[in-house]
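With the hints as a guide, dock the two chains, each given alone in a separate frame, to form the complex.
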Amino acid sequence: MNNLSVDHLTGIRDLTHEDIQLIFKMADSFKEVINRPIKKVPSLRDITIANLFFENSTRTRLSFELAEKRLSADIINFSASGSSVKKGETLIDTVNNILSMKVDMVVMRHPNPGAAQFLSQRISAKVINAGDGTHEHPTQALLDAYSIRESLGDVAGKKVVIVGDILHSRVALSNIYCLQKLGAEVMVCGPTTLIPKYIGDLGIRISHNLKEALNWCDVANMLRIQLERQEIKYFPSLREYSMLFGLNKQLLDSLDKRILIMHPGPINRGVEITSEVADSDQSIILNQVENGVAIRMAIIYLLASKIER
Amino acid sequence: MEKQVILNAQQIELTIKRLCHELIESHDDFSNSVIIGLQPRGIQVVARLKSELESILGHAIQCGNLDITFFRDDFRRTEKQRIPSVTNLDFSIENKKVVLVDDVLYTGRTIRAGLDALLTFGRPSKVELLVLIDRRFSRDLPIQADYYGKTVDTLKMERVSVDWKELEGIDQVLLYTKEGNE
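Protein sequence lines, in the order shown, are assigned to chains P and V.
So the first sequence is residues 1 to 309, counted in the working numbering.
So the second sequence is residues 1 to 182, counted in the working numbering.
Next up, chain V with everything else stripped away, as it sits in the complex (with noise of 0.2 Å):
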């Protein structure tokens, strides 16, 4: 496997920047909206998402964390047991504006399921998506993002991978792609 930096830490940091005005754009002050991170990667990318977002509003914005184990399509299909991670949603979605937030869009299949679990916790007005990293071409599923950071495009074989410097030591994101497969 051969990897490929795709953004640094500095380039995760502008567009996260960016990420959050366009987010502003569309939410205002985030009086009526909540962004929700899917488990278990998209939390990071939460986490950066809020503390930005608190320093341009000036207050504090309502975030959760959402488990889709049980949601997944794949149960029974796969050998591995996914152990579920926690969810986290104190607050009510009903008729609120939901931002969903992943760290990568690839299948869609997480999105489909991560759909299915926010809407037992009620009905949201609205639901949008943001990703950090979409995979164009390789959608199972007509399933898009409505904000992402950086769009690439891959093979099935390849692997895209988001290092958090609270997890991994360093910020970055990573192509790995196998030797001539050109």
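One chain only, chain P, in its complex shape (with noise of 0.2 Å):
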């Protein structure tokens, strides 16, 4: 396990279950230096990283620029709001531009399912995926797979359940490969409707009882309704959903074990999860984040370590 398979982070998928290794042990180290006193290493401060965001983010956006500036990358930002995207400009085009200013990474973030394995393709820089539309978000299921590790101890043979909108989730896709990898057992938990049909071929559970799943399950990992993403109803109203998939209280304290609780955010309170939950004591939302500052802090220091000078 000297270094990582992939030249490129476009999705979990690629990765083997030594890559993902190699990535929490680097992450340790991260997740220590970033509770110095001084949270800046000098590692990358010959490296230049382009922050490509053609889609909203605030979290994932901040998460990877405060992991490139610990790690002392320069870093130049660009989000499609305000571009000349919105002039017409194609993404290899946009790209090249930026590159020609010696730019050593791209975090991309696209509304295109592909579009940075496209990217990866097509530049010499080193590309890490921060979300491409339905498809993956690599980085977030690391972090969630290291925040189940440091909570539960290992992930092999423990037993999570992703509920909500799967459909239009990238993160219950990655989660799934990830989660898989290390060995651990996966469920779906949904309205029929925002199940993808064929998602039983990855070898997961399907469920649409959610006191069911919640008995089944070590850990729960609630999902947002992604209503920006849908064309048409996919249930009758948000009141219902919630009355049937969301988390509150009341039924976490009705199962015979304790869970934890995890949510990539952002949330939307008192729809897929009460508050009461969100904040109690079982949930790691906020152990999540700041895991996902070392998870990215470690993809990036061993991308950075096979560019060629």
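Wrong hints could be hidden among the right ones.
[Stated by the list, open to error] Below 27 Å or equal to it, Euclidean Cα-Cα: the simulated DSS-like pairs (lysine-lysine) are:
1. V/Lys126 <-> P/Lys39
2. P/Lys40 <-> V/Lys126
3. P/Lys25 <-> P/Lys69
4. V/Lys80 <-> P/Lys39
5. V/Lys80 <-> P/Lys181
6. P/Lys31 <-> V/Lys80
7. V/Lys80 <-> P/Lys40
8. P/Lys25 <-> V/Lys80
9. P/Lys39 <-> V/Lys97
10. P/Lys306 <-> V/Lys80
[As the list claims (entries may be wrong)] Derived coverage of chain V by chain P (criterion: at least 3 residues anywhere in the stretch with Cβ under 8 Å from a Cβ of chain P; other residues may be distant):
11. 59–70
12. 81–91
13. 118–131
[Unchecked claim] To spell it out: a stretch of chain P is covered by chain V in this simulated footprint if at least three of its residues, at any positions, have a beta carbon under 8 Å from a beta carbon of chain V; those stretches are:
14. 32–38
15. 298–307
If you're looking for bench data, these hints aren't it; they were derived computationally from the structure.
Note that CB positions come from ideal geometry on N, CA and C, so glycine has one too.
Shown next, in the form of structure tokens:
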């Protein structure tokens, strides 16, 4: 386990079990670094990273920016709103223009599935996928699995249920790949309209009953309903959704065991999860955010070590 | 490669004892001093110093480990991906006298990185360097030790390795020389 088997992080699907373990090991060290009085190491001081966000993001962008700064990289930020993308420039042209400014690594979020893969085959810089449409969001899956490992000791053998809008969720797909590679059992739970038809082919369980799913699992990852990606109505009302698939204190207390609650954010309080549950001691939502910086530092560091000069 | 023992177990024990007395000369009872070992091989030296010092002084002294991987100057310049070890400094170094410890001082680059890594934890009042073996005449940087166990003159192609009972099964310092390089 000398280095990652990949040159870009476009999806969890391309990673090996060893890659994930290496990222976790590095993240352990970076987590210690970001708790020092001076939370910065000089490793990447000769590396320039461009953060290209063609789609809105708060948490992921801040987390990547912070990770890059903690590694001493130089960074430039780009967001599609207020850029030449609106004037009709293509993705490759936009990126090539940015690369002529001598950028070594690109972190990209894009609304089109496969955008990161497409880019990685056409440019010389390293590419990290920060979410491509409804396809993958690898760094989120890695930080989720890392947070489970931190709280429960190991991911292997654990049962994880992903609840909610699986159809529009890149977090769900990356999480399924990642958890399976680490030896966890995965279940998805949600209304039939929001569960993709062939998702069972990935070797996961499917449930449409939240209580049954929660009783089965050790960890519940509650996803947000992505109304912005839904062109038609997939369920009658948010109120009905939250009655059937929302997690509240009463339901949590009625389970015969203590489970961990996760959420990739942003939370719609009162829809998929109530405030009481989100803020309870079973919730590791804020640990996920802290771990996100350490995981992203690890990935950036490992990919940067492959940059040739 | 021919190997030659330059310190055996008994000599190592004597050297550690002498270094401890030298440390006490300038650090008194260690009430304002801490010892920090550089990962991965400096921490074995610290373990020996700690147990000897504590038996002489009769009280516990503060020791820590410091990993320098992210402060190295050869990132992206070597093929090998270095896996970091644990950093364990559960005390403040602010205004403390720090003794940095490593097994072998060679080019001085590790110590340079160690100083940078150390300063991210605060501002010590003084930093000193203790090494078990000083490979003289092979420095890339202007760095010298304040305390050293043994000085050896070596060529670049030679290698010094410090073995410990806890890890390699025997306490010894070996010098590997290429046959007929004189």
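Verification of the hints:
1. V/Lys126 <-> P/Lys39: holds, 22 Å
2. P/Lys40 <-> V/Lys126: Judged against 27 Å, a Cα distance of about 22 Å means the pair holds.
3. P/Lys25 <-> P/Lys69: holds, 20 Å
4. V/Lys80 <-> P/Lys39: holds, 25 Å
5. V/Lys80 <-> P/Lys181: holds, 25 Å
6. P/Lys31 <-> V/Lys80: Holds, at about 22 Å.
7. V/Lys80 <-> P/Lys40: Distance of about 23 Å is within 27 Å: holds.
8. P/Lys25 <-> V/Lys80: holds, 16 Å
9. P/Lys39 <-> V/Lys97: holds, 22 Å
10. P/Lys306 <-> V/Lys80: holds, 10 Å
11. 59–70: holds (count 3)
12. 81–91: Since 5 is at least three, the answer is holds.
13. 118–131: holds (count 4)
14. 32–38: holds (count 5)
15. 298–307: holds (count 5)
Taken one by one, the earlier hints all hold for this structure without exception.
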